[in-house]
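Enquirer: Residues per chain are reported as follows:
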Amino acid sequence: MGYAAARGGLNAILTAENLVRRLRDLDPSERIELDQFTGRLRLLVDRVMGESGLWAPELAAMALRQGEGDLIEAVHLLRAYKSTLGRLDTAIPVHANDIQLVRRVVPAFREPGGPQILGRSTDYTARMLTTTDRDIVDASDSTTTLDTALKTRPSNSRMSDVLRDMDLLVDRRRTDDPEPFDITRTPAKPPAPRSALLSSMARAETGALVNQWYRNILGPDGYLHEVTLGEVRHGKLPINVRHPMTGGSVNIGSFRATEVEAIEDLNGSEEDRTRFDVGYGFCFGHNERKAIAMANLDIACYRDGAKSGLEQSLLMTTDGLDSAGFLEHLKLPHYVTFRSMVERKVAVRRVADGKN
Amino acid sequence: MSREDICSSLANSDAVALETLINSLIARGTIANIEMIRPPSTGTIQMQVREPICEERFIVGDALITVAEVSVAGTLGWAMRLGGDANAAVAAAVADAHIARVGLEGVPELAELISYTQLELDRTEQREWAEIRETIIDFEELD
Chain A
2 MGYAAARGGL NAILTAENLV RRLRDLDPSE RIELDQFTGR LRLLVDRVMG
52 ESGLWAPELA AMALRQGEGD LIEAVHLLRA YKSTLGRLDT AIPVHANDIQ
102 LVRRVVPAFR EPGGPQILGR STDYTARMLT TTDRDIVDAS DSTTTLDTAL
152 KTRPSNSRMS DVLRDMDLLV DRRRTDDPEP FDITRTPAKP PAPRSALLSS
202 MARAETGALV NQWYRNILGP DGYLHEVTLG EVRHGKLPIN VRHPMTGGSV
252 NIGSFRATEV EAIEDLNGSE EDRTRFDVGY GFCFGHNERK AIAMANLDIA
302 CYRDGAKSGL EQSLLMTTDG LDSAGFLEHL KLPHYVTFRS MVERKVAVRR
352 VADGKN
Chain B
52 MSREDICSSL ANSDAVALET LINSLIARGT IANIEMIRPP STGTIQMQVR
102 EPICEERFIV GDALITVAEV SVAGTLGWAM RLGGDANAAV AAAVADAHIA
152 RVGLEGVPEL AELISYTQLE LDRTEQREWA EIRETIIDFE ELD
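Residue numbers (the working numbering), protein chains in the order written: chain A, 2 to 357; chain B, 52 to 194.
Hints were generated in silico from the structure; no laboratory data involved.
This structure is a prediction, so every number in the text was calculated from the model and none was measured.
Glycine included, each C-beta is placed from N, C-alpha and C at the ideal position.
A couple of the hints might just be wrong.
What the hints assert, rightly or not - Some chain B residues close to chain A (C-beta under 10 Å, calculated; not the full set): (1) 58; (2) 151; (3) 152.
To be verified - Not close to chain A: a few residues of chain B, all C-beta gaps over 10 Å, as computed: (4) 70; (5) 99; (6) 188.
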């Protein structure tokens with residue numbers, strides 16, 4: 002593939018950019034404040050952070066505002082900004098069990114050990130477009146009498162532990178502790194360690210991941226079947242670092258994440274058919290579609306064992322910035338490329354017509 | 052209270068309240084001889100998660116942080132806070148150094164801020180759980 006640079010038209014280019022800025026920033030409506038994005042459009046902000054791979058709510062809000070609500074553009078702006086920053090430290094690895102749940106749904110099991118918590122959800126009610134302002138009832142001071150045991154948060158049990166206790170889960174727990182693959186420093190290509198796959202999917206474009214999942218359920222790929230969700234969770238996890246002078250752990254805040262366990266019914270001839278296996282999904286913010294697709298694809302990829310192109314698809318085609326960037330570059334001048342194609346056609350026709 | 056617990060509270064404290072208090076302590080001469088060891092620097096911190104199925108670590112992404120190191124009358128102080136607020140990071144580092152030098156009991160205003168921060172974190176957690184626990188559901192299976 003060859004490209005040739007084009008030049009000229011600088012005034013038109015600058016004027017076009019200025020039009021974007023002027024019509025956006027001088028729109029007669031009120032400027033949207035950052036806390037409106039983080040408070041009222043939290044799911045959008047979460048997607049930008051997840052697909053940028055950077056937990057920075059205010060910056061994600063700024064990027065959305067600058068990008069006029071274009072999610073991919075916001076991800077581009079945030080990743081570009083992130084690339085100008087140094088990585089100053091590594092947080093102490095956090096175990097997923099340290100999540101402080103604000104939502105937990107266990108579709109597989111009625112009594113999964115610990116309560117099911119709907120949290121902030123419209124999953125079980127009809128969603129209709131509200132065309133008028135409704136009165137907001139603040140029920141936050143409700144004093145409903147509750148079981149004493151529920152006055153504090155329940156223990157953090159999970160469905161995979163229940164399956165382990167029932168001896169129904171294949172044990173894939175590692176005894177070593179390999180350094181995780183860093184996809185921001187080295188491009189991940191197959192065959193890649195699972196940590197690269199999990200990182201890639203955690204940062205993938207949500208729609209791309211959902212599409213990969215759907216291709217495998219109803220589409221031509223077919224590497225997924227009989228999947229039941231064990232856990233769908235949303236919650237907060239601590240960010241802890243080492244104090245450089247004492248070496249002790251310091252909590253500097255928290256981040257929110259969505260976590261999913263997908264239970265797979267093993268039925269392969271070389272698999273343990275008396276047990277299940279579990280795929281895992283985990284991403285920044287509240288993004289259940291992404292985490293569900295990720296968990297399903299994690300176990301699909303493991304079972305596939307790099308026999309097909311699934312791993313390559315996940316590692317190399319689900320990044321939103323990569324795919325959108327490649328697609329959008331097609332708008333740039335390709336005059337030389339296309340002229341050479343035209344010349345080849347003309348040359349072929351000359352040969353076909355018996356001319357030189 | 053350990054130095055790590057103090058640093059945690061300082062990292063989670065309200066930025067404006069912390070800066071105002073440190074500026075006030077400097078203006079009154081309570082805190083003096085401040086030297087910048089590592090100017091505030093905004094960057095990222097890598098975030099690793101250990102997943103529960105294979106007990107394997109992976110990188111979920113980075114978080115935006117600001118870090119600073121100072122010396123107060125010869126005692127080193129350090130702070131790291133989420134976000135890009137350089138002034139708040141310096142204020143927290145100054146507080147860390149000063150408390151390391153004179154002890155928490157030697158600076159009651161900072162002790163009060165730290166105590167208040169912890170109280171607010173607990174209150175937020177209680178408020179959140181009070182709302183969420185009302186959504187605990189017990190599905191019934193239909194025959």
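Enquirer: Each hint should be assessed against the structure and marked as holding or not.
Expert: Hint check results:
Hint on residue 58 of chain B holds. Least Cβ distance to chain A is approximately 4 Å, under the 10 Å limit. The closest approach between the C-beta of residue 151 of chain B and any C-beta of chain A is roughly 8 Å, which is under the 10 Å cut-off, so the hint is satisfied. The criterion of a C-beta within 10 Å of any C-beta in chain A is not met by residue 152 of chain B, whose closest approach is roughly 13 Å, and the hint is violated. The claim that residue 70 of chain B is not at the interface with chain A holds, since no C-beta of that chain comes within 10 Å of its own (minimum 17 Å).
The non-interface label for residue 99 of chain B is inconsistent with chain A: the shortest C-beta to C-beta separation is roughly 4 Å, within 10 Å. Consistency note on residue 188 of chain B: stated as away from chain A, yet its beta-carbon is not over 10 Å from all of that chain's, at 5 Å minimum.
The earlier numbered hints that this structure contradicts are 3, 5 and 6.
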